[in-house]
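Student: The residues making up each chain are set out below.
Protein chains: 2
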Amino acid sequence: MAKDLAVVLLLDCYGELLTDRQRDLAELYYNEDLSLSEIAVMHGITRQAVRDSLRHSEQMLHETEQKLGMAARITAMRRCLEGILTAADTGDLPRAAALAKEGLARL
Amino acid sequence: MAKDLAVVLLLDCYGELLTDRQRDLAELYYNEDLSLSEIAVMHGITRQAVRDSLRHSEQMLHETEQKLGMAARITAMRRCLEGILTAADTGDLPRAAALAKEGLARL
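So the sequence lines, in the order shown, correspond to chains U and P. Quick note on numbering: the first sequence equals residues 1 to 107 in the working numbering. Quick note on numbering: the second sequence equals residues 1 to 107 in the working numbering.
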């Protein structure tokens, strides 16, 4: 089961919509980087049960992103701010202002 | 029934989590600024049914914001970008850079 790193951002955005148990398992896997087997031992459940819960959570997180698009919005905002920082570091005020305007229009 | 203008932002963030009908009524009320009675006539339902639907939707939107905090995040980002724009307009590059760094740390 390959770790889908985009899920880390989705968890940050929508993790609170999962049940406590789903969120707990997903955080151990994605944020604490534990293996399926380690999580299974920790929770006294089978490796397959961990896998099933993660699959279910991922599906819910992706579906919510398809509806709300908050992760995409945050990613765009991160790029915008990084661009502004680069512009400021190189003394390019007009570029910083243009990027800030663009970001505001997109919010 | 006083219009809670914060709901406009919540609708933008989480409107897709409402049913089609709930979203339709809420958009007519908050985005198109129609009255309860106008919406009732339009949909062939009672004014009270419109009011109940709006109350229910608002409650769901507020509860989702309490869990996810995306509207607060967007509001903070808007202030950050407005600050950067002001700093850029007044030639204050260090301030623009500091605000961009702050914004990135908060994302």
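Simulated from the structure, these hints should not be mistaken for lab results. Careful: at least some of the hints might be erroneous.
[Said to hold, decoys possible] Cut-off 25 Å, straight-line C-alpha distance, at most; resulting in silico cross-link-like pairs (BS3-like, lysine-lysine):
# : chain 1 : residue 1 : chain 2 : residue 2
1 : P       : K101      : U       : K101
2 : U       : K67       : P       : K101
3 : U       : K101      : U       : K3
4 : P       : K67       : P       : K3
[Unchecked claim] Only part of the chain P face toward chain U is listed, based on derived beta-carbon distances under 10 Å:
#  : residue
5  : D4
6  : A6
7  : C13
8  : E38
9  : A40
10 : V41
11 : L107
For glycine and all other residues, C-beta sits at the position ideal for the given N, C-alpha and C.
Student: When the hints from earlier in the document are held up against this structure, which numbers fail?
Tutor: Those not satisfied are hints 2, 3, 5, 6, 8, 9 and 10.
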